[in-house]
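These are the residues of each chain, in order.
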Amino acid sequence: EPEVTQTPSHQVTQMGQEVILHCVPISNHLYFYWYRQILGQKVEFLVSFYNNEISEKSEIFDDQFSVERPDGSNFTLKIRSTKLEDSAMYFCASSEGGGYGYTFGSGTRLTVV
Amino acid sequence: LAKTTQPISMDSYEGQEVNITCSHNNIATNDYITWYQQFPSQGPRFIIQGYKTKVTNEVASLFIPADRKSSTLSLPRVSLSDTAVYYCLVGPNSGYSTLTFGKGTMLLVSP
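One line per chain: the protein sequences are A and B, in this order. Count along the first sequence from 1, then add 1; that gives the number in our numbering. Count along the second sequence from 1, then add 6; that gives the number in our numbering.
The following block holds chain A by itself, in its conformation from the complex (with noise of 0.2 Å):
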C-alpha cells in the first residue's frame, strides 16, 4: 500500500531556530496538506497545496510557517522561528482528489526546548 513518508520521526530544536520538516506525498497524488496536533488535543488544519501553491491556510499558518514543493516528490513545511507553542505531531497528507480520502504519514513530533 502507498505510503506517505516524513522525516524526521523526532525533531528537538532550541526556541527562535528554524525548522525544515519533510514529506514524500503519493507519488500519483495531487493535493498536499500539513495539519499539527498538539498532545492530547484535535488534529488541526494549517495548509493545503495544489498545483504548486497554497490554495488554503488556516489562521495558525501565519508568517512564520512556509511550505514548499522543491522538486516532484518532497513536500516540506518550514517554521522559521519556533516556539515552544509550535511544540506538536505534525502530519502532511495527500489525496489524489475526487473524493478519496486523504492519506497520512507518520507524523513528525517537534519539540522546542
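Everything labelled a hint here was simulated from the structure, so no lab data went into it. Be a bit skeptical, because a hint or two may be false.
[Stated by the list, open to error] With a cut-off of at most 25 Å between alpha-carbon atoms, the simulated SDA-like pairs for lysine to any residue come out as follows:
no., chain 1, residue 1, chain 2, residue 2
1, A, LYS43, A, GLY73
2, A, LYS43, B, THR11
3, A, LYS43, B, THR89
[Unchecked claim] Between beta-carbon pairs, the in silico distance windows are:
no., chain 1, residue 1, chain 2, residue 2, range
4, A, GLU19, B, ASN63, 27 to 35 Å
5, B, ALA72, A, VAL13, 48 to 56 Å
6, A, LYS43, B, ASP73, 22 to 30 Å
7, A, ASP72, B, THR35, 37 to 45 Å
8, B, SER85, A, GLU2, 13 to 21 Å
9, B, SER80, A, LYS43, 23 to 31 Å
10, B, ASN63, A, LEU31, 19 to 27 Å
11, A, ASN53, B, ALA34, 25 to 33 Å
12, B, LEU86, A, THR6, 33 to 41 Å
13, B, PHE45, A, THR77, 24 to 32 Å
Even for Gly, the Cβ is constructed at its ideal location relative to N, Cα and C.
Since the structure of chain A is already known, use the hints to place chain B on it.
Using the frame of chain A, we list chain B on its own:
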C-alpha cells in the same frame, strides 16, 4: 461545516461488534460522511466514506439513515489492535477539502 457529535469513549471486548454513532444534524446536501482511525503517535487513517444507505469495505460498515442526520460506524469482531480514536467527519466530497477533526471517540478493546 456541519458539526458532529460522537461519544467521547467506548469500551468493548475482543470479538464483539462495535457500533459508534455520530450525529450531524446540520449536514448539507453535498456533504459526505467520512471516518478516520488514529492510533497513538500516528497519523489518522481513512476507514470509510459514504453518502447514504450502507457502505461496506474490508474493514468496516457505515450505516446512514434516510435523513442523514446521523451515521453509525460498525466494526465487526474487534480485536485489541482496534483500540484507537475514531473520528467522524462531514464535508464536501472532494479530496482537497479541508478536514475538520473533532475530539473523536476513544475505543478501548479489552481481552
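Which constraints among the numbered hints does this structure fail? Numbers only, ascending.
1, 4, 12
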